[in-house]
Structures are given as C-alpha cells and as structure tokens.
Amino acid sequence: MAIDTGRSRLSRWVLYVILSVALVAVIAPFVWMVLGSVKSEGELRQSPPTWWPQTASWDNYTQLFSRLDFGTYFLNSTIVAVTVTAGNLLFCSMLGYALSMLDFRGKRVIFIMVMTTLMIPGVVTFVPLFVLVANAGLIDTLPGLFLPFLVSPFGVFLMRQFMLGLPRDLLDAGRIDGAGELRIFAQIILPLCGPALATLGILTFLGSWNNFLWPLVVAQSEDKYTLPVALALYSTGQNSTQYGLLLAGATVVLLPILAIFLIFQRRFIEGIATTGIK
Amino acid sequence: MTATVTAPPPVQAPPSRGRRGGLREGRAAWILAAPFCLLFAAFTVWPVIQSLYMSFTDTRQRDLRSPFAVNFIGLENYTRALSDPTFRKAARNTAYFVLVGVPLTLLVALAAAVALDRGISRFRAAYRLGFYTPVITSIVAVAVVWRFLLQPESGLINTVLGWFGIEGPNWLGSTTWSMPAMILMATWRNFGTAMIILLAGLQAVPTSLHEAAAVDGASAWRRFLHITMPLLRPTLLFVSVTTAIGYLQFFEEPFVMTRGGPLDSTISLSMYTYKQFGFGNYGLAASMSYLIFIVIAIVTAVQFRLLREST
Amino acid sequence: MRRKSALAVVLAAATAVALSACGRDDETSGGGGNADSQDISSGPASGTITVWAMGAEGEKLPELAKEFETANSGAKVQVTAIPWDSAHDKFTTAIAANKTPDVAMVGTTWMGEFAGQDALDPTPPSIDSAVFFPGAQKTTQVNGTSYGIPWYVETRLIFYRKDLAAKAGFAEPPKDWDGLKAMAKAMQDKAGAKWGMGFQAGGTGSWQSVMPFAWSNGAALTKDDDKSYNFDTPEMLEAVKYYQSFFTEGLADKAAPATPTTEPDFVSGKVPMFISGPWEMAGVEKVGGAGFKDKYDVMQIPAKKTSSSFVGGSDLVVFKNTKNRDTAWKFVKFLGDPATQVKWYQMSTDLPSVTSAWDDPALKSDTKLATFGTQLKTAQAPPSFPSWEQVIAQFDTEMEKVTKSGADPAAALKAVQQQAESIGTGQ
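Chains as they are written, first to last, in the numbering used here: chain A, 459 to 736; chain B, 458 to 768; chain C, 444 to 870.
Just so you know, these hints were derived from the structure itself, not from any lab.
The structure displayed is predicted, hence computed values, not measured ones.
Please note: incorrect hints may appear among the correct ones.
Computed list of lysine to any residue pairs in SDA-like fashion (alpha-carbon distance at most 25 Å, straight line) [what the hints assert, rightly or not]: (1) C:K509 to A:G695; (2) C:K503 to A:F670; (3) C:K697 to B:I623; (4) C:K844 to B:T543; (5) C:K509 to A:W471; (6) C:K763 to C:L454; (7) C:K729 to A:S515; (8) C:K766 to A:L590; (9) C:K503 to A:R467; (10) A:K565 to B:A758; (11) C:K844 to B:I623; (12) A:K565 to B:K732; (13) C:K697 to B:W503; (14) B:K732 to A:T541.
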C-alpha cells in the first residue's frame with residue numbers, strides 16, 4: 459500500500475490520531491456496558507454515571523447463570539441464528555446472482571417483489587404473520603422461529619448490488635468452457651463474493667441473534683426461548699428494571715456476535731485483496 | 458473494469474444466447490429463484506394482502522379473530538391519518554431526520570471506510586470492530602451513556618462546548634434541540650453497518666487499477682473520484698437505500714430517550730403507528746404503515762434514479 | 444397481453460367478492476352483560492393447566508404451584524414465565540391467534556381491553572369478591588361483570604426525605620394540599636433542595652401522578668352510570684390547576700427529562716419528594732446505601748376531600764377457550780386464599796390484594812408498608828374501558844402542554860373530554 463511517500467507520513471499519523479479519538483468516542487458506551495455488568499444495582503442508578511466500578515463483583519453473572527437455564531437458551535439461539543444465516547447466505551446469493559447476471563422472464567417482477575418486501579414496515583405484517591404461523595401449527599416450535607426468515611430481501615438486494623460490480627465476461631468465459639449455469643454460479647462467481655458474503659453473514663447473524671419480539675410471541679414454553687427473551691425475563695419488571703442483570707445479559711449476548719464478526723472479517727476480507735479479480 | 462479480460466467472443470454463438478437469454482439461462486434462473494419465491498409466497502404474500510385489506514376496513518383489535526366481520530370503509534383510514542395533526546408532526550420530524558441523518562451517516566461511514574481501507578495499514582481489525590460496536594451495544598447501555606452526554610449542566614457535550622465558550626442547550630428537554638440530538642445519536646449508532654458494507658465494496662476495487670493510475674501520476678483524491686467512486690456505485694446505492702429505509706422508520710432512539718417528546722418534537726411515524734397498533738386501531742395503523750411504505754417507495758425510487766447503475 | 448388483462452379481471456372479481464363478504468353483524472360486543480357464569484365444582488382439581496406469569500412472579504410461581512399440586516393430586520400446573528417487556532404484545536397476538544393459556548397474570552390496565560375482545564371467562568360466583576380491596580376488585584370489572592381476581596396490588600404514595608423535612612420545619616407530614624406545597628417550598632428555601640417536588644411534567648404515564656389528586660378531590664372519571672368518560676369536571680380542574688401550580692411556582696422541574704434520575708436526586712437531596720410505588724423503596728435504598736431507610740418515609744396523598752391514590756398491580760384471569768375451566772378457577776381461588784397471599788408476599792414482596800392478609804405481622808410491622816396498606820383502602824382504579832390507553836394518552840399530551848407551556852387547564856380538560864367522547868369507551 460506504499461503508493462505515496464514522504465509528506466503522506468505526517469498525514470498518515472494525523473489520520474491515526476483522528477481515528478483513535480473517534481474510536482474512543484464511539485466505543486465508550488460499549489465499554490461502559492461491560493464495566494457496568496460488574497457493578498452493583500445501587501451504583502448503576504447513580505447520576506452522573508460512574509465509570510470505574512466502585513465495587514466490582516461477578517454477582518450479576520452468577521445470578522444470571524444460576525437462574526437461567528443457559529444451555530437451552532443458548533442452543534436455541536444458536537440453532538435459529540445459524541440456520542437463518544446459512545439459509546440467507548445460500549438463497550440470497552442464488553437469487554442475487556440471477557437478478558444481476560442472468561436474463562429471464564419475470565426478472566423485473568421478482569426484483570420489484572424483493573424491493574417491495576424490503577420497504578414495507580415490518581410492524582404491519584407482524585400479527586397476520588403470527589396468525590398464519592399459528593394456523594400452520596408452527597407455534598412453539600423451532601422451525602416457527604426460523605422459517606419465515608430464511609430469505610431476506612435485504613440479503614438479496616445486497617448480493618445483487620455486489621454482484622453487479624463483477625465483470626460479465628466471467629460468465630462468457632465459463633460458458634465457453636462448457637460449464638453449466640449453476641456451476642458458473644457456484645464455482646466462478648460465488649468465490650469472488652467473499653466480502654459480500656462475510657458482510658451478509660455478520661448482519662444476518664446479528665439480526666437473528668438479537669431478535670426479541672418474534673421469539674417472544676412464537677415460543678409458548680420456556681424451553682423454546684431464545685437468549686434475548688430469557689434475559690429480558692430476569693431484568694425487566696412491571697415498574698422497575700434490574701440494570702445489573704440487564705447489562706450482564708447484554709454483554710453475554712454479544713460475545714458470540716463479536717466472535718462471528720472476527721471470524722468472518724478475517725477469513726474473507728483479508729484474503730480478497732491478494733486474489734485480485736483477474 | 459474490463460481492462461484486463463480479453464476473452465474473444467465465440468465465433469458461433471451457442472443457441473441459448475437468444476433474445477431473452479434463452480432457455481438455459483431462464484431455467485437456471487428459476488432454479489436459483491425458487492427458494493425465495495416459495496418462502497415469499499408462504500410467509501410474505503398472505504400477511505401483506507391481509508394487512509392491506511385491514512387498512513381499508515375499520516378493523517379493531519377484537520376483530521382479528523373474525524377478520525371478515527368488519528366494515529369496508531375505503532380510504533377513510535388513509536384520510537384520517539393524513540389529517541391527524543400528530544401524524545403530520547411525526548411526518549415532519551421523520552423528514553427532518555432522514556434529510557439530515559442519511560447524508561450525515563453515509564458521509565461518516567464513507568470517510569471511515571476509506572480511512573480503514575486505504576488510509577492506514579495497521580490495527581485495521583481493531584478500528585473496524587470498534588466502529589461497529591455501537592451497532593451491537595444494548596440500547597439500554599446506549600441510552601444511559603447518551604443521557605449523560607446530553608445532560609444540560611454536567612453532560613460531556615455541553616462541557617466540551619463550554620471550552621469554546623458556547624453554552625449548550627438542554628438537549629433532551631428542548632423542542633428545537635431534541636431532534637438534532639436524536640440525529641447525532643442515530644448517526645453514531647448506525648454508521649458502523651454502512652461502514653462495513655462500504656468496506657466490502659471497497660475491497661472489490663482491484664489494487665492493480667490504483668497502482669496503474671498512480672504510476673500515471675493521478676493524485677489520491679482524483680483516484681478516489683474517478684476509480685473508486687464509480688466502482689462503488691452499486692454498493693453506495695445499496696447503503697443509501699437501506700439507510701434511508703431504516704431511517705424513515707426510526708423508532709428506537711426517540712422511544713428510549715424522549716418517548717416522542719418534549720411536546721411531540723421527536724415523535725416519528727413509526728412510533729406513532731406503533732402506538733396506534735397498541736391502542737388496537739388496526740385498520741388505522743395499517744393504513745399509516747402503508748402510507749409510510751409509499752413514502753419509502755418514492756424515496757427509494759428517487760435514489761435509484763440518482764445513483765443509477767450503468768448496467 | 445390478453446393473459447394479463449384476464450388475470451386483472453379475475454383479481455378484481457375475487458376482490459369484489461371478498462369485500463362484499465365482509466361486514467359487521469349487529470351483535471352485542473363481547474365482554475358485556477352476561478353475569479351468569481357456571482360455578483366451579485367442589486372437590487380436588489385434576490388435569491393439566493398452563494399458566495403465564497410475567498417476570499419475577501413467573502419465576503417464583505412454580506413453588507406455589509407445587510403446593511397446589513400436592514393438595515390436588517391429579518392436577519398439574521405448567522407455569523411459563525414471560526418477560527414484562529412486550530408482554531402486552533404477546534397477549535394480543537396470542538388472543539388474535541387463539542393460542543392463549545388457561546390462566547394468566549394480567550396487568551390491571553389491560554383488563555378492559557382483553558375482556559372487550561371476549562377473551563376472558565367471567566368469575567364464578569363462589570369466589571368471594573368482598574375479600575379484596577375495593578379499588579383492586581374494581582380493576583377486574585368490565586361492563587358490570589368481574590373477570591378474574593386481583594392477585595397483588597400496588598399503590599402510589601409520596602416519598603419524602605424525613606430529615607430534610609425536619610430541617611425545613613416539618614416534623615409531621617402534611618395532610619392537605621396547601622401543606623404539601625408549603626413543605627415543598629420550605630425544602631427549597633431551608634433544606635437546600637433544587638426542586639421541592641419531583642412531579643412528572645406530563646408525557647406518557649403522567650396521569651398516574653395527577654389522578655391521585657383528582658381522586659383526593661372526589662373526582663369521578665366516569666359518568667352516566669359508568670358508561671362514558673368524565674374528564675371535564677370542577678374537581679378534576681382543581682386537581683390539574685394544583686398540579687400545574689407546582690411548575691409555575693418553581694417547585695417542580697418543567698424541563699425534567701422523560702426518564703428522570705429520581706433515585707440519585709432523592710438521595711442527594713436535590714429533589715427530596717416524588718410520587719411512586721412500593722418498588723421504589725428498594726430502589727432508593729440501593730442507591731442510598733446502608734442506613735438510608737431511616738432518612739426517608741412515605742406519606743398518604745394529602746386530602747382535599749379524602750385521601751386517595753392510584754391502585755395497580757396484576758389480576759389473575761382465566762381465558763374463555765380454556766380446556767380445563769374447573770381446575771383453572773380452582774388454581775386462581777387458591778392464589779386468592781389469604782394464607783397463600785401472605786406466603787406469596789414473603790416469597791416475592793408483592794403486596795397482597797386480600798385485605799385480611801394485611802393483618803399478618805410481617806406486613807404490620809413495617810411502618811412504611813403499613814402506610815401503603817392504609818392507602819390501599821381508599822385507592823381507586825381507572826375505568827376498565829377498552830379505549831382507556833388511547834384516551835389517557837390524550838390526557839398525558841394535554842398535561843404536557845399544561846405543565847411545560849403553561850396552557851390553560853380548563854381548555855386542556857375540555858379538549859381531553861372531546862377526544863374521549865369521539866374515541867368512545869370501546870365497549
């Protein structure tokens with residue numbers, strides 16, 4: 459990346475400083491959340507909020523883990539999030555490819571359907587969808603938790619836009635070599651979509667993992683709860699909130715997200731700069 | 458972009474390259490589209506039709522179990538919504554939020570993405586993760602910290618402003634300054650998502666092009682303008698559209714921080730619609746949702762025109 | 444092209460048919476009128492019932508359920524705990540899809556709504572309603588019929604700093620409206636408070652701070668034999684004017700944020716008085732630390748005519764489409780039994796809804812709790828009309844204008860009454 463020299467050294471340092479200041483500003487609430495998870499309830503309600511814990515203890519965490527059937531909720535959340543993410547990575551790239559690279563009858567209609575779904579506020583279809591799922595007998599089942607979300611219009615749109623930036627000539631080259639359409643998709647185009655797939659993977663996983671309202675209404679027995687629902691159980695009250703438990707729960711919930719973020723980012727993004735498109 | 462691929466076109470075009478792409482492409486396309494179409498037909502079509510139907514009736518919550526035992530009232534819900542002064546205020550607030558918030562968020566995201574992609578070479582992963590943390594931090598923690606930041610006397614923002622001799626306002630308690638506070642908070646919260654998508658798009662710009670242009674003597678700024686931006690166009694369109702769609706439905710920030718106040722200065726269309734669903738006015742709330750949809754559709758169409766793809 | 448127009452015609456025809464099929468029958472709305480409810484059998488309960496309970500109650504209820512199961516072999520109680528966050532949404536979607544449990548714990552302000560959807564079963568006659576606090580019992584009554592029983596209650600009192608009040612010259616808490624205002628002013632002048640009273644400046648939920656004064660002035664929220672709203676009354680006007688005066692006279696903060704820092708301000712003495720419920724005792728004691736509980740006390744809402752307050756809490760209901768109605772009501776009856784209520788208080792610190800349970804020494808010995816108990820005798824609940832939430836939201840909005848912009852209370856109440864009449868009770 460050493461294209462420029464000399465004077466740019468100073469500007470590089472300035473950039474680092476600016477970015478670091480920005481980083482501190484941006485990351486502050488996150489740090490406060492993690493620090494807050496080891497504080498006592500009384501300290502958390504103080505104003506102005508304290509930074510370093512006056513008395514740190516793992517109480518909030520031990521309470522959570524002892525009261526919660528953590529394994530079950532974690533497993534449910536994982537199954538749902540992984541299924542939704544896998545489904546989206548596969549199906550959204552399939553349709554995104556068709557919409558960006560292929561010509562076929564109905565292409566416009568499908569694209570309009572995708573965009574329309576993306577633009578309709580979710581709240582208006584929530585109850586009808588729930589009644590539909592209930593009539594299909596999927597209430598209180600894990601499929602009921604993930605089936606409606608296996609393909610998201612957001613993912614289709616993302617993959618389509620990304621693939622539009624890839625050269626069409628690759629298709630022709632593949633066809634000349636005698637490859638079938640689906641093989642071109644799987645073996646030529648898909649490997650080039652690393653960054654987009656990684657991004658879609660992270661965003662989809664995040665959305666599914668943090669989803670609260672749908673699992674809340676679909677699950678009717680506690681063993682179908684996902685992690686966010688279970689954590690809300692112990693931290694929100696009719697008139698008051700248990701901030702310590704809430705922050706501890708929030709920290710626990712985002713650890714897998716951090717892990718996914720780091721894995722996906724490293725495996726796909728760092729690699730792509732070297733392959734080059736051609 | 459097509460500078461390096463030079464596969465010569467085949468002499469005899471295979472018969473499948475017809476006017477509409479032909480049978481082979483069509484069949485493959487439908488196989489690829491099948492999962493989406495099936496799931497869409499199963500889980501999206503019916504709820505949309507049902508909610509659309511509800512918006513033309515006087516459905517209340519108690520009618521949900523007998524959806525046909527309601528009166529068809531045509532566009533009455535829509536006209537009621539449009540003439541409701543609170544709905545109009547919410548619409549103005551939302552427009553303010555989107556017109557200022559979307560460009561601001563995109564600008565910050567683009568600056569961050571470019572800085573992380575080309576500007577620096579070390580600790581990239583740390584900065585990337587750090588800038589993404591607002592997206593994954595619990596809204597409760599976000600709310601506590603931002604409430605503190607925005608406090609009139611001891612809050613950080615007003616303290617910093619004080620160093621420059623400016624007396625900061627009572628952010629959350631003022632009808633003029635509550636919206637800017639929400640916009641600031643939303644930008645902070647959401648630029649990370651836009652940033653990582655733009656980063657993905659930037660990654661796909663081949664280094665070789667930049668090197669070639671640099672050898673030809675192009676400055677960094679010109680390279681950015683003439684090589685990066687055009688290639689980034691589809692991704693930019695995506696980020697712009699999805700951020701606008703998200704912001705047109707902004708809900709969490711005012712819900713948690715101000716509950717729509719003070720005096721309805723931060724109430725959003727989504728919040729008001731959600732309230733109507735809560736009151737059980739399903740027909741009216743459905744019509745509000747579809748009004749929001751119409752606005753989103755128009756705004757999206759405009760963006761598609763402006764950031765038109767060259768294909 | 445022919446295919447497209449044919450398709451359009453078919454769609455249009457289908458839509459027309461569907462639309463013509465819809466229309467309301469002139470049936471009486473659900474949830475009203477019929478008071479004859481089949482009584483429950485004597486003898487032990489049997490079969491399985493599902494129970495939904497929110498939050499900490501949901502966590503602890505299984506213990507009590509086990510007792511019920513031991514007393515009624517053959518009965519099984521499955522408790523599902525659900526979070527308070529979005530619990531209302533969970534109930535409304537479950538009702539819409541007919542996926543309700545047998546028994547559920549329901550917030551008192553939701554009763555009108557759920558009964559109005561014809562989802563609840565009326566209380567059988569053998570469950571005596573006189574054992575409950577009258578205000579709490581009223582929360583179960585919708586359109587004349589009682590649905591379920593009050594399970595636990597809460598009411599609102601004024602929390603005040605005893606030590607700062609003494610400094611301000613008030614050794615005893617005031618008993619009337621003028622006294623309260625005088626104490627607030629004295630605390631600002633002599634005890635270093637910034638705001639004498641931490642009233643909410645309108646906005647969501649502020650009615651719970653205003654209504655106690657309205658009720659203490661004898662205001663009735665309904666008229667025409669409980670058939671319509673009644674906001675525009677002289678008693679209500681006096682109460683609103685009194686509430687507004689705290690803001691105009693600088694005793695309460697107009698610019699207080701939507702989520703105030705009540706506890707730290709109370710502990711530091713910046714805002715030494717506020718209205719809230721029993722849960723805040725734990726709240727302020729946590730922030731105040733050891734020994735703080737002696738520095739504050741609670742007092743009844745000062746009387747204009749009598750002292751009254753808001754009563755809330757949760758009720759227990761049985762859903763109409765339960766498959767095991769008998770056992771469901773037996774379980775509810777069990778939870779309303781005075782001995783069970785005391786035991787439940789010891790497990791959860793939820794205040795009992797049965798008056799005789801308050802004779803228990805555990806509740807009598809704590810002076811602050813005893814004050815809650817006394818207030819509960821006269822506390823009132825809002826009318827359980829299905830449209831309550833929407834109408835009172837209008838009230839909250841008007842109160843915001845009254846407190847923050849000094850709008851005219853009379854005009855505000857007229858506006859609220861107008862809105863209330865156009866929205867209707869929803870019954």
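Hints that the structure is at odds with (numbers, increasing) | Of the numbered hints given earlier, those the structure breaks are 5, 6, 9, 11, 12, 13 and 14, listed in rising order.
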